[in-house]
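Make the full structure from the sequences, and use the hints.
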Amino acid sequence: MYRLGRWLSGLTSVTTLLGGCAIVLMMLHITADVILRYLFSAPLPGTITYVANYYMIIATFVPLAYAEKLNAHITVEVVTERLPLRVQYHLAHWLLPLSAAVLILMTIKTWAEAMIKFEINASLVEGGTTIITWPGYFMLPLGLGMLALVMIYKFAIYLTGACSGLVVNDEEQAIAWDVLPEMQEPRGGSHE
145 MYRLGRWLSG LTSVTTLLGG CAIVLMMLHI TADVILRYLF SAPLPGTITY
195 VANYYMIIAT FVPLAYAEKL NAHITVEVVT ERLPLRVQYH LAHWLLPLSA
245 AVLILMTIKT WAEAMIKFEI NASLVEGGTT IITWPGYFML PLGLGMLALV
295 MIYKFAIYLT GACSGLVVND EEQAIAWDVL PEMQEPRGGS HE
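Each residue of the sequence shown is one higher than the one before, starting from 145 at the first, in my numbering.
Hints in this document: simulated from the structure, not taken from any laboratory.
All figures in this text were calculated on a predicted structure; none of them were measured in a lab.
We treat Cβ as the ideally placed atom computed from N, Cα and C, and that holds for glycine.
Take the hints with a grain of salt, since some may be wrong.
Simulated restraints on C-beta separations [what the hints assert, rightly or not]: (1) R147 / L183: 45 to 55 Å; (2) A186 / R150: 16 to 26 Å; (3) H237 / I192: 37 to 47 Å; (4) L268 / R230: 26 to 36 Å.
Below you can see the structure in the form of structure tokens.
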């Protein structure tokens, strides 16, 4: 199980890097568009389309699994914060398969939509330029599917009591401890 967690952790790191690259490319694209628009009156065609259909989608959906890996998703604990920590711990883990089931359904639906867009070669016209948009639709099932995989893995670790390989370096461990210290294993836990 630990090796599977390490592999899954590496995969989430790659998808997070992809999300980070999308943010950098978006900043460069928008900056170039603004400079060209106001200094040379020659804006880059399709900037809004690229930002909305590629950069934002990749930056938003693809890194979701990384946030789950670190327990860094935003939570609202109106009732559960009043429960004992042990109950909170078990409740959080028993909600993982329910959340994963919903995410799997969303992954299937967004995959079907992406395939439809692929088959019709979906595109948008902006400023007289035709820009294909169907590849962006595949980012949603990628991000949602990865998130579901991480949740399923975390639930399997909870059930078996095996050592998780999801948090793979000291920096990520520090981030995880800063987010939810009461939900983590004691520091210095052994690895299989």
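For each hint, the structure was consulted:
no.: 1; hint: R147 / L183: 45 to 55 Å; result: holds (54 Å)
no.: 2; hint: A186 / R150: 16 to 26 Å; result: violated (49 Å)
no.: 3; hint: H237 / I192: 37 to 47 Å; result: holds (42 Å)
no.: 4; hint: L268 / R230: 26 to 36 Å; result: violated (52 Å)
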